[in-house]
Amino acid sequence: MLAATARAALRQNSRMPLHSDLVAPIRSRQMSTLMTGRQQWISRDNMSHVTKRTVLPALGVLHQSSIRFYTTPTEQTVNAPVSIDSSAVTPVVSPEATANVAEVVSNAPTSEAITAAAAQMGDFKAMGLCNYTPVGALEAALEAIHVSTGLPWWAAIAAATVAIRICMIPLNIKVQRNNARVSNINPDLQRIMNNVSEAKKAGDQMAIAKYSQQAQQLFKDNGCHPAKSLLLPVVQAPVMISFFMALRGMAELPVPGFLDGGLAWFTDLSVKDPYYILPVLSSAGMLAILETGSETGAANPQAAGMKNFFRGMTVLMIPFTAWMPSSVFVYWVTNNMFSLGQFLALKAPAVRSALNIPQLVKPAAELQKNSKGFVQTFKEQTASYQKTEKERIVRERQQAAAMARRSSKRRF
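If you count by the numbering used here, then the sequence shown holds residues 1 to 412, one letter each, in order.
Read the hints as simulated data drawn from the structure, not as lab findings. Here the structure is a predicted model, which is why all the values come from computation and not from measurement. Keep in mind that a hint or two might mislead.
What the hints assert, rightly or not - The list that follows gives simulated cross-link-like pairs (lysine-lysine, BS3-like), each with its CA atoms no further than 30 Å apart: (1) K228 / K379; (2) K347 / K307; (3) K307 / K379; (4) K174 / K220.
Required output: the full structure, derived from the provided sequences and hints.
Set out below in structure tokens:
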């Protein structure tokens, strides 16, 4: 019994050194090897995920500065740097892909190419413009100038305005020549018209016909007529209205290039001038033409009242037209500048002589003194017309009464 107990004790004592001296070191080395392999595997796996997510393609920069394990304290993950082997990181974008991207970027169209592609003949037709009307014809002309010359829209509008005004120069010269002749015969015409007025007051129809025939003969002898002066406004009015409607329609779309086709402070031609400079310039141009003398070239002594009327109209136009798009004012300002320059050129004696435009003869002093304003003349003519109508009605009644008396006598 004692022997068995002793052997059991020796066996237990012999196991203790083996466990403490041999088994524990072996287990510790095995655990260390396993933990080291686990850490390497986790590091490798986390690096692959971080690299795929956070490496910038162009720079190869890693945003995450450290790797946190479940057993790592939070304080260590914030400050502990992570060393990464650059050779182990695979770039996301390959050199071939980078070369392809560079080629695509180099072949991308520039802003000039995009603008050129947008400005093609037929674009206005596709947008519903360029109809078979005067407005559509002007829209087609503006498109042709813009596309063929490459001018910005403000310059294309100005060029179209100047081109149309140049085409109208022969008509303008003809009207100037007629108006100058009418102005020079104005003293004789004034005497005849005074005689006509006196004849109307007296109710002398024979005298009225006689003096009217004299006035027509005076026009025929001098190769002029006041009605010819209306030829230029009759032609210019449809052109101005068509220009206004065409530019307003182009601004309402707006057509390609109108948003940045302006100049200086009015870059957007589809909206009104934010500083109201263009409306003021337009009214100033009209006032300059009015003050230097109208385009007709006729020195009418009754024009003082009309000039005052148009002076007020040019000032009132500023608030009433300020809402219009800047493209319309580009046309108006250009048109006024051309008109002013044309008038000053035709006012020069050398130019008038070369174009066979007679020099203006100043009216006689007595006619200047006795000349009346437009309003007063209109009132007198209206009163004379009303008086003539009353006299005509009285004469017709008298004639009807006389015929009635004669018919009654024949019965009896």
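Which of the listed hints are not met by the structure? none
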